[in-house]
Amino acid sequence: MVSVEGVSRRFGSFRALEGVSLEVHPGEVFGLLGPNGAGKTTLIRILSGVLEPSEGRASVAGLDVRRQPDGVKAAIGYATQEVSVYRDLTVRENLEFRARLYLEPKAVRPAVERTLGRFGLGEFAEKLAGALSGGWRQRLALAQAVVHGPRVLFLDEPTTGLDPVSRRTIWDLIHEEARAGVSVLVTTHYMDEAERCTRLALLYGGRVLATGTPAELKALAQSQARFAFARTQATPEALRAQPGVLEAWPSGDGMRLILEPGAHPPLELAPAMPSLEDVFVVLTRQSAALLAGGAR
Amino acid sequence: MTRVLAVAHKEITQIRRDHVLPRLIVGLPVMMMLLFGYAINFTLSGIRLSVYDGSADRVSQALVQELGKDDKFRLTHAARSPQEVPEAIDEGRARVGLVIPEGALQTVRQDKSLVIEVYVDGSDPNFAFQAQAALRKALGDLNGRLLAGKALAGQAVTPPLTPSLHTLYNPDNKTAWFMIPGIIGLILTQFTVLLTALSIVREGESRMMETLIATPVKPYEVVLGKVLPYLGISFVVALLVLALGHWVFGVPVQGNLGWLLLLMLLFLVGSLGVGVLISTLARTQVQAVFGTFAYAFPTIFLSGFVFPIDGMPALFQAVSYAVPARYLIEGLRGVMLRGVGWEFLWLDFLALSVFGALVLMLASSRFRKQLAV
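Heads up: the protein sequence lines correspond to chains A and B, in order.
Numbering-wise (the working numbering), the first sequence opens with residue 21 and increments by one.
Numbering-wise (the working numbering), the second sequence opens with residue 7 and increments by one.
Treat the hints with caution; some may be incorrect.
[To be verified] Here are the simulated SDA-like cross-link-like pairs (lysine to any residue), alpha carbons at most 25 Å apart as the crow flies:
1) Lys224(B) with Ser74(A)
2) Lys232(B) with Thr110(A)
3) Lys224(B) with Asp108(A)
4) Lys224(B) with Lys147(A)
5) Lys224(B) with Gly26(A)
6) Lys232(B) with Ser28(A)
7) Lys224(B) with Pro55(A)
8) Lys147(A) with Met215(B)
9) Lys126(A) with Lys75(B)
10) Lys232(B) with Phe373(B)
11) Lys126(A) with Pro222(B)
12) Lys238(A) with Pro55(A)
13) Lys232(B) with Arg120(A)
14) Lys232(B) with Ser371(B)
15) Lys224(B) with Gly91(A)
16) Lys224(B) with Lys238(A)
17) Lys75(B) with Ile21(B)
18) Lys375(B) with Glu113(A)
19) Lys118(B) with Gln138(B)
20) Lys224(B) with Glu124(A)
21) Lys375(B) with Thr110(A)
22) Lys232(B) with Gln101(A)
23) Lys232(B) with Ser74(A)
24) Lys375(B) with Lys238(A)
25) Lys180(B) with Arg142(B)
26) Lys375(B) with Ser28(A)
27) Lys180(B) with Asp108(A)
28) Lys224(B) with Arg289(B)
29) Lys375(B) with Arg35(A)
30) Lys118(B) with Arg80(B)
31) Lys224(B) with Glu116(A)
32) Lys224(B) with Ala81(A)
33) Lys232(B) with Glu108(B)
34) Lys375(B) with Ile239(B)
35) Lys232(B) with Trp269(A)
36) Lys224(B) with Gly169(A)
37) Lys75(B) with Met39(B)
38) Lys375(B) with Asp90(A)
What the hints contain is simulated information worked out from the structure, not anything from laboratory work.
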């Protein structure tokens, strides 16, 4: 559905993306996980036909983004970081406007009704979008992105600024879309959200550090570092100074530690399961070390 | 107080950080002062004059000379027949015309009064009033000199030259007749430019543009779609003003209504282009408003809307040729008051078409560049 091969993008001398490759299959919720500035939004904009890649090839729904950007735009749904709804239009008017950009006039009404129903927006249909709470407005933004029945859905940080309950709802809706056969590419910097993705790509400094299911990524991290918990009063700074300790931070009544595989610091250690955040720390450290070493 | 200062300080910092606003805040008053100080001049000079001289003798030549004194009048058209004089005013080649009948010298010698036909372009009552006063003064001065010679010779005194005045186009000197075409021009400028610029900038401010460019809608479709309603609104408002002027103030529409509508439409298209152009330069709605001011001021002052272009220094008269509203207002006044047709309007149509085409090209190229981040 989405296929990216060696895509790079430069803005002047700044390399926003560097040789990115990935594959999103039908019905998959594929997560792009990375800190701000990692290149997530740039990649989404390339895949939605807005931005041309400097190098490499990408196709969406079987269409080349460079040669058929208009076809790509018609096949996808896109929700940007900012909640992109017109606050002075009603929920229904927002949906109608978006649907009319894609669909034949006759198909607009049924598409809007279907979407209102599926997203539970029916009772708010005549309400101004500006009067909705943040969670509902985000729900509307998501509804707008799928109102025309796209085969591929790009969501750029769809839950930024939402409370946990709203986030959960939005993610349920995202998975519903995927179950209906849509390929979803979603960016996030929330690690807990990343756990909800079918597969993930870790993006850092414009490069893909690793790709896989959350479990695969954790296994990969475990093969490269030891994750542990220690009940200790020592400060993180003191612990990090210990040989073999890669990272340390307070957690509960003790410290979480990431250790080099063979390290044995003088602490009472209990093994811990790595979270995706740990995976990220391990893999980014590795990448930084590689970059510092001049290896390319 | 310290809290007030804190807010004020924050505000000043924000204004300074705005790249466009400070320049406009300083530039606009300066521009207004210059325009008011130099360009706006209610005292006329160099009034374009058409003369048919049927006598070509000492008296008639003295009259033409008298008129040329102090640069009040400027002979721009020498008519070959009496009919050519009002025609020259119709065609805009002159604004005041004189028809001096045959045998001026004999008439004066015979102590009779010579009636001189005077035609004044009355579309601007201010202008007509001043032109008439200047004419009367010139005639009076010449009369005085002629009489002085005769009185010494001990002859009876009849004023040798009497004007017979014809005010063209606006015989009752109604200000509304002059103002309403200008007001239409002003409304078309302000409404379209401001509304267009604001609506596009608002789309950008709300980051909606980013979403829209990822849909099948093309940038030009967005702009066209946004601009069309304002085109309609502005056109309807202009028609409303036109209708009000016609039925309430009795402003005539001597010429073809079709020409009138076409002129307005052509001007609107250009103004919308200016609006889009401003929207590509302005990042916030405040900047867009100020940008519109910056465009509207020269339009108000240099288009001949209220202030006669004939009264301006040569430099500003030259600049006024670059103000599109000048052609619109000229054309509107021509059609409404003088009933002119294509033979007079072609220049206005040409100028407005060039303006529209240029501005639209510029606006669309800038607009596209802005989107191609």
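Against the structure, the hints:
A threshold of 25 Å between alpha carbons decides the hint, and for Lys224(B) with Ser74(A) the separation of about 22 Å falls inside it, so the pair holds. Between Lys232(B) and Thr110(A), the direct Cα distance comes to roughly 19 Å. Compliance with the 25 Å bound is thereby established for this hinted pair. Between the alpha carbons of Lys224(B) and Asp108(A) the distance comes to roughly 23 Å, so the proposed pair stays at or under 25 Å and holds. Under the criterion of a C-alpha separation no larger than 25 Å, the hint pairing Lys224(B) with Lys147(A) is inconsistent with the structure, at around 29 Å.
Taking the CA atoms of Lys224(B) and Gly26(A), the gap is about 28 Å. The hint is violated against a cut of 25 Å. Distance restraint check for Lys232(B) and Ser28(A): the Cα-Cα separation of roughly 35 Å exceeds the 25 Å cut-off, and the hinted pair is therefore not satisfied. Taking the CA atoms of Lys224(B) and Pro55(A), the gap is about 32 Å. The hint is violated against a cut of 25 Å. For the hint pairing Lys147(A) with Met215(B), the CA-to-CA distance comes to about 23 Å; that is within 25 Å, so the pair holds.
Proximity of Lys126(A) to Lys75(B) is assessed by CA-CA distance (about 76 Å); at most 25 Å being required, the pair is judged violated. Of the supplied pair hints, the one linking Lys232(B) and Phe373(B) holds, its CA atoms being roughly 14 Å apart against a limit of 25 Å. For the hint pairing Lys126(A) with Pro222(B), the CA-to-CA distance comes to about 18 Å; that is within 25 Å, so the pair holds. Among the hinted pairs, Lys238(A) with Pro55(A) is consistent with the structure: their alpha-carbon atoms are about 18 Å apart, no more than 25 Å.
A C-alpha spacing of about 15 Å is found between Lys232(B) and Arg120(A), which places the hinted pair at or below 25 Å, so the restraint holds. Our distance criterion of 25 Å between C-alpha atoms is met by Lys232(B) and Ser371(B), whose separation comes to about 17 Å. For a cut-off of 25 Å, the pair hint linking Lys224(B) to Gly91(A) stands: about 12 Å separates their Cα positions. Pair hint Lys224(B) plus Lys238(A) does not hold up; C-alpha atoms about 44 Å apart against a cutoff of 25 Å.
Only pairs whose Cα atoms come within 25 Å are accepted, and Lys75(B) paired with Ile21(B) is rejected, the gap being roughly 53 Å. Taken as a hint, the Lys375(B) and Glu113(A) pair is broken in the structure, with Cα atoms around 30 Å apart against an allowance of 25 Å. Taken as a hint, the Lys118(B) and Gln138(B) pair is honoured in the structure, with Cα atoms around 23 Å apart against an allowance of 25 Å. At roughly 16 Å between alpha-carbon atoms, Lys224(B) and Glu124(A) fall within 25 Å of each other, so this suggested pair holds.
Of the pairs offered as hints, the one joining Lys375(B) and Thr110(A) is violated, with about 32 Å between alpha carbons and a cut-off of 25 Å exceeded. Between Lys232(B) and Gln101(A), the direct Cα distance comes to roughly 24 Å. Compliance with the 25 Å bound is thereby established for this hinted pair. Distance restraint check for Lys232(B) and Ser74(A): the Cα-Cα separation of roughly 32 Å exceeds the 25 Å cut-off, and the hinted pair is therefore not satisfied. Among the hinted pairs, Lys375(B) with Lys238(A) is inconsistent with the structure: their alpha-carbon atoms are about 44 Å apart, more than 25 Å.
Under the criterion of a C-alpha separation no larger than 25 Å, the hint pairing Lys180(B) with Arg142(B) is consistent with the structure, at around 21 Å. For the hint pairing Lys375(B) with Ser28(A), the CA-to-CA distance comes to about 22 Å; that is within 25 Å, so the pair holds. Distance restraint check for Lys180(B) and Asp108(A): the Cα-Cα separation of roughly 45 Å exceeds the 25 Å cut-off, and the hinted pair is therefore not satisfied. As the CA atoms of Lys224(B) and Arg289(B) are separated by approximately 21 Å, the hinted pair is consistent with the 25 Å bound.
As the CA atoms of Lys375(B) and Arg35(A) are separated by approximately 21 Å, the hinted pair is consistent with the 25 Å bound. Of the supplied pair hints, the one linking Lys118(B) and Arg80(B) is violated, its CA atoms being roughly 28 Å apart against a limit of 25 Å. Straight-line distance between C-alpha atoms of Lys224(B) and Glu116(A) comes to about 18 Å, which keeps the hinted pair within the 25 Å bound. Annotation: proposed proximity of Lys224(B) to Ala81(A) holds, straight-line Cα distance about 20 Å (limit 25 Å).
Proximity of Lys232(B) to Glu108(B) is assessed by CA-CA distance (about 64 Å); at most 25 Å being required, the pair is judged violated. Of the supplied pair hints, the one linking Lys375(B) and Ile239(B) is violated, its CA atoms being roughly 29 Å apart against a limit of 25 Å. Between Lys232(B) and Trp269(A) the CA atoms are separated by roughly 54 Å; this puts the pair beyond 25 Å, and the hint is violated. Distance restraint check for Lys224(B) and Gly169(A): the Cα-Cα separation of roughly 20 Å lies within the 25 Å cut-off, and the hinted pair is therefore satisfied.
The suggested pairing of Lys75(B) with Met39(B) is violated, with an alpha-carbon distance near 31 Å, which exceeds 25 Å. Under the criterion of a C-alpha separation no larger than 25 Å, the hint pairing Lys375(B) with Asp90(A) is consistent with the structure, at around 18 Å.
Hints 4, 5, 6, 7, 9, 16, 17, 18, 21, 23, 24, 27, 30, 33, 34, 35, 37 from the earlier list are contradicted by this structure; the remaining hints agree with it.
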